[in-house]
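Here the protein sequences come in this chain order: A and B.
Residue 1 is where the first sequence starts when you use the numbering used here, and the numbers rise one by one after that.
Residue 1 is where the second sequence starts when you use the numbering used here, and the numbers rise one by one after that.
There may be inaccurate statements among the hints.
Stretch by stretch, here's where chain B covers chain A in the computed footprint (C-beta under 8 Å, at least three residues) [to be verified]:
1. 153-165
2. 282-291
If you want a taste of the chain A side facing chain B, the calculated C-beta under 7 Å gives, among others [said to hold, decoys possible]:
3. 24
4. 92
5. 144
6. 146
7. 279
8. 298
9. 301
Pulled from the structure, derived: some chain B residues nowhere near chain A, Cβ distances all over 10 Å [unchecked claim]:
10. 260
11. 287
12. 299
13. 326
Calculated directly from the structure, the hints in this document are not laboratory data.
Glycine included, every Cβ here is placed at the ideal spot set by N, Cα and C.
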Amino acid sequence: MFAFILRRLLSLPVVLFAVSLLIVGLLQLLSPTQRATAFITSEQQAQNIPAIIEAYGLDEPFPVQYWNWLTQALQGNLGYTRSANMTVARAIQTLFPASLELALFAVVPIIGLGIWFGTLAALHRNSFLDQATRVMAILGWSLPTFVFGIWILAALYGGLGWFGIGRVSTRFITAIAQGEITQYTRMMTVDAILNGRFDMLLDALIRLVLPVTTLAVVITAQIMRVMRGSLLDSLSQDYVRTARAKGLSDRVVNLKHARRNALIPVITLSGLTIALLLNGTVVVETIFNYRGLGMWFATAAVQVDIPAVIGFGLVVAIIIVFANLFVDVLYAIVDPRIRYD
Amino acid sequence: MRPDPDDQTRDDAPDGVRDDATLAAAAAHDEHLFAPEVDMRWWQSKAMRRFRRNPLAITGVVLLLFYIGVALFAPAITAPTIAERERGHTCARDLDLPRDSDEAIAALRNPFGVPFWRAIAAPPQSCLRIPRVSFSPIPQPPQEGHPMGIASGGYDIYYGVVWGARMAFYVGILVSAISFGIGIVIGGAAGFLGGWVDDVLMRLVDVVFAFPNLILAAIFVTIFGPSLTNSLIALAIVGWTNYARLFRGDILRVRNLDYVDGARALGASKWRTFTRHVLPNSIGSLVIVASLDIGAVVLVASTLAFLGLGSEIGTTDWGQMVSFARGYIQGAPGEPFKYWYISWWPGIAIVVFVLAWNLLGDAYRDVFDPRDA
Numbered sequence: 001m002f003a004f005i006l007r008r009l010l011s012l013p014v015v016l017f018a019v020s021l022l023i024v025g026l027l028q029l030l031s032p033t034q035r036a037t038a039f040i041t042s043e044q045q046a047q048n049i050p051a052i053i054e055a056y057g058l059d060e061p062f063p064v065q066y067w068n069w070l071t072q073a074l075q076g077n078l079g080y081t082r083s084a085n086m087t088v089a090r091a092i093q094t095l096f097p098a099s100l101e102l103a104l105f106a107v108v109p110i111i112g113l114g115i116w117f118g119t120l121a122a123l124h125r126n127s128f129l130d131q132a133t134r135v136m137a138i139l140g141w142s143l144p145t146f147v148f149g150i151w152i153l154a155a156l157y158g159g160l161g162w163f164g165i166g167r168v169s170t171r172f173i174t175a176i177a178q179g180e181i182t183q184y185t186r187m188m189t190v191d192a193i194l195n196g197r198f199d200m201l202l203d204a205l206i207r208l209v210l211p212v213t214t215l216a217v218v219i220t221a222q223i224m225r226v227m228r229g230s231l232l233d234s235l236s237q238d239y240v241r242t243a244r245a246k247g248l249s250d251r252v253v254n255l256k257h258a259r260r261n262a263l264i265p266v267i268t269l270s271g272l273t274i275a276l277l278l279n280g281t282v283v284v285e286t287i288f289n290y291r292g293l294g295m296w297f298a299t300a301a302v303q304v305d306i307p308a309v310i311g312f313g314l315v316v317a318i319i320i321v322f323a324n325l326f327v328d329v330l331y332a333i334v335d336p337r338i339r340y341d
Numbered sequence: 001m002r003p004d005p006d007d008q009t010r011d012d013a014p015d016g017v018r019d020d021a022t023l024a025a026a027a028a029h030d031e032h033l034f035a036p037e038v039d040m041r042w043w044q045s046k047a048m049r050r051f052r053r054n055p056l057a058i059t060g061v062v063l064l065l066f067y068i069g070v071a072l073f074a075p076a077i078t079a080p081t082i083a084e085r086e087r088g089h090t091c092a093r094d095l096d097l098p099r100d101s102d103e104a105i106a107a108l109r110n111p112f113g114v115p116f117w118r119a120i121a122a123p124p125q126s127c128l129r130i131p132r133v134s135f136s137p138i139p140q141p142p143q144e145g146h147p148m149g150i151a152s153g154g155y156d157i158y159y160g161v162v163w164g165a166r167m168a169f170y171v172g173i174l175v176s177a178i179s180f181g182i183g184i185v186i187g188g189a190a191g192f193l194g195g196w197v198d199d200v201l202m203r204l205v206d207v208v209f210a211f212p213n214l215i216l217a218a219i220f221v222t223i224f225g226p227s228l229t230n231s232l233i234a235l236a237i238v239g240w241t242n243y244a245r246l247f248r249g250d251i252l253r254v255r256n257l258d259y260v261d262g263a264r265a266l267g268a269s270k271w272r273t274f275t276r277h278v279l280p281n282s283i284g285s286l287v288i289v290a291s292l293d294i295g296a297v298v299l300v301a302s303t304l305a306f307l308g309l310g311s312e313i314g315t316t317d318w319g320q321m322v323s324f325a326r327g328y329i330q331g332a333p334g335e336p337f338k339y340w341y342i343s344w345w346p347g348i349a350i351v352v353f354v355l356a357w358n359l360l361g362d363a364y365r366d367v368f369d370p371r372d373a
């Protein structure tokens with residue numbers, strides 16, 4: 001198992017190499033002047049585009065350009081992002097924890113509710129509950145994230161004013177700026193606990209309710225459906241009948257024998273779940289004004305801020321590689337038939 | 001290693017199609033000999049009977065027919081607005097309609113005249129722009145002549161929602177068709193040529209498939225420059241992987257069938273096997289898969305438009321119209337939901353559209369899934 005993980009980690013540079021090759025290749029579709037704008041950090045530099053093209057070798061042949069890009073990137077220089085007014089590396093560093101926090105909070109209800117409702121629906125097949133779950137799943141799956149997000153934003157924030165948006169109230173932002181609250185992790189809830197500021201924890205949690213709900217409603221539906229289908233499959237298997245014939249209790253048969261096997265397709269789905277989650281954070285952060293990677297990406301894309309978009313693309317590629325590794329490890333845990341040597 | 005989810009679904013669904021359909025067709029054919037009436041074989045097939053008994057499927061079909069009707073007859077439905085020639089709206093002029101309102105309305109609604117059919121078959125691009133009642137930034141609630149209200153900038157929501165249906169079909173069909181084409185070419189090359197070509201192309205499929213589609217499309221749009229055309233190209237570049245995998249799988253599967261072995265033994269070339277046996281066997285079910293994807297394509301396309309990466313402002317695009325609401329989230333004091341209509345109408349239009357396609361897709365899987373028979 002350890003050797004397998006190590007081997008997969010060693011393949012990470014290869015994947016990143018391919019992705020970066022693809023991205024820099026795509027950039028060749030732009031003119032050297034357009035590519036030069038990636039390095040502009042001030043008005044003064046904007047006057048001097050030919051010098052930038054010269055300095056970064058933007059009119060050289062592709063292999064030379066790729067080499068230049070790679071040496072810069074390996075030194076952590078991914079360019080400057082206009083939309084966030086800092087270097088791309090710095091933007092990723094400061095904004096990543098925010099998106100991670102949002103995703104972690106969303107994953108818990110998505111997996112928990114998805115598996116729970118899927119199990120209930122399968123165990124009570126064709127009952128009212130099953131039909132209701134099915135209708136809910138189709139409805140949830142048909143709700144575009146941005147439509148649902150705008151609706152609950154207008155209803156619960158704009159209309160009723162129950163929840164806030166953004167990450168924390170301005171008074172905590174001021175406190176952070178004045179150094180009263182130290183940012184250890186840049187995840188607001190964790191920092192609040194580490195600083196012992198439970199008023200800030202509450203504030204951050206309330207602001208997470210709307211984005212997390214929006215992310216969860218749309219993605220849970222998918223897991224629920226797959227869970228129901230695969231549990232129905234396992235329940236009709238011979239070994240489940242044998243287990244019942246042995247006199248095991250329903251609970252043990254359903255949850256230990258059948259559900260454990262039924263989880264495998266759900267794990268297969270987790271690759272898709274992660275993709276949906278990443279798509280979702282872009283939309284949700286934009287709607288709820290939650291300053292994370294996704295909102296930065298959406299703003300950057302509209303402003304044609306190319307270094308930002310490419311930097312974000314690299315981050316997403318890395319996340320996906322690690323996520324797939326995690327999924328493969330999870331397989332081995334759930335399904336002992338799988339061996340990785 | 002990991003089980004390939006495609007292979008399973010693939011083996012179930014399309015085989016079921018063929019088996020059910022051919023068996024039922026054969027049975028119906030025998031009956032047909034004795035009852036030379038109207039040919040009802042397709043309608044009476046086992047799969048179709050199951051489909052007709054599924055209330056969710058029927059709901060999907062009815063909803064979709066409704067959208068097709070709205071999209072098709074959009075010129076007649078919105079005739080008064082077109083005839084009024086509101087600010088910057090040249091749809092009526094481009095249709096050579098008279099200046100007089102009543103006459104233009106009558107022309108757009110008269111199914112025996114030329115303008116009616118011309119507007120339906122080939123409306124000018126300008127009809128896909130939302131007419132502006134004013135340039136006022138303040139939204140107006142539903143009122144006479146504007147049953148769904150007016151968004152900020154004076155955009156008539158009703159007109160946008162109705163013509164948005166046409167836009168959705170344009171976008172969905174176009175993107176699905178291009179993706180389908182790319183998928184067939186790449187999947188075909190991989191399956192037909194095999195060897196290292198297959199390896200390289202399938203790795204490419206894996207990478208594109210694993211990448212979140214919205215994000216990848218947004219990256220492409222940024223690099224190409226934000227516009228409707230570029231967003232459609234980006235969506236097509238992102239959406240072809242599934243067809244490539246399915247088509248390649250079909251090629252490999254059919255190649256090992258006994259009768260293809262027979263054909264090969266008789267001296268049929270690789271190319272002949274491909275065109276005579278693989279293509280006719282596989283294209284039909286792939287076209288169904290592609291057309292059922294229209295709903296999903298429209299969902300992603302409208303998300304891009306919502307983020308500002310699609311059509312330019314003022315196009316009859318549901319996603320973009322929802323984004324009109326972003327400046328009017330908070331109502332007025334005492335009227336917390338004052339501006340509900342801005343996001344409600346285009347939003348519900350997208351949701352029901354996607355829902356209709358998902359119901360159809362669900363029913364298709366249910367009906368043709370032999371495990372559930």
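Here's how the hints hold up against the structure:
no., hint, result
1, 153-165, "holds (count 8)"
2, 282-291, "holds (count 4)"
3, 24, "11 Å, violated"
4, 92, "15 Å, violated"
5, 144, "5 Å, holds"
6, 146, "5 Å, holds"
7, 279, "4 Å, holds"
8, 298, "5 Å, holds"
9, 301, "5 Å, holds"
10, 260, "31 Å, holds"
11, 287, "23 Å, holds"
12, 299, "5 Å, violated"
13, 326, "7 Å, violated"
The structure is inconsistent with the numbered hints 3, 4, 12 and 13, although it conforms to all the rest.
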